[in-house]
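Participant: Build out the structure end to end from the sequences listed, making use of the hints.
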Amino acid sequence: MNPERIYKVLLGPHISEKATIVADGSQQVVFRVAPDATKPEIKKAVEQLFNVKVEGVNVLNIKGKTKRTARGLGKRNDVRKAYVRLADGSEIDFMAGE
1 MNPERIYKVL LGPHISEKAT IVADGSQQVV FRVAPDATKP EIKKAVEQLF NVKVEGVNVL
61 NIKGKTKRTA RGLGKRNDVR KAYVRLADGS EIDFMAGE
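Quick note on this note's numbering: the sequence shown kicks off at 1 and runs consecutively.
Don't take each hint at face value.
In silico lysine-lysine, PhoX-like type, Cα no more than 20 Å apart, as pairs [unchecked claim]: (1) 81 to 39; (2) 53 to 43; (3) 43 to 8; (4) 18 to 44; (5) 81 to 8; (6) 8 to 44; (7) 65 to 43; (8) 39 to 53; (9) 81 to 18; (10) 81 to 63.
Read the hints as simulated data drawn from the structure, not as lab findings.
These numbers were taken from a predicted model, which means no experiment stands behind them.
Facilitator: Right, dumping it as structure tokens:
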């Protein structure tokens, strides 16, 4: 996979209460990914970018909610998330810079 595609596949970590619980309990990390990203692409991107071993990838699509605004109806963006299970001994620390 070319380096340019790696940065287009992974859009960033998804930080939420559920993602934190999953990270602590079951050795998983949650990422926001591109809408056209496949499981093998996500696996390769995480392994190459963070130098870790990935055991598996689960992907889910979240449809954007329709909301009322002052100008009528609006729609939030759709989101695609990937739950990446890391091998034993592998760890990704997003807070290492602080």
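Participant: Confirm or reject each hint.
Facilitator: Consistency of the hints with the structure:
| no. | hint | in the structure |
| --- | --- | --- |
| 1 | 81 to 39 | holds (11 Å) |
| 2 | 53 to 43 | holds (9 Å) |
| 3 | 43 to 8 | holds (13 Å) |
| 4 | 18 to 44 | violated (24 Å) |
| 5 | 81 to 8 | holds (14 Å) |
| 6 | 8 to 44 | holds (13 Å) |
| 7 | 65 to 43 | violated (29 Å) |
| 8 | 39 to 53 | holds (14 Å) |
| 9 | 81 to 18 | holds (13 Å) |
| 10 | 81 to 63 | holds (11 Å) |
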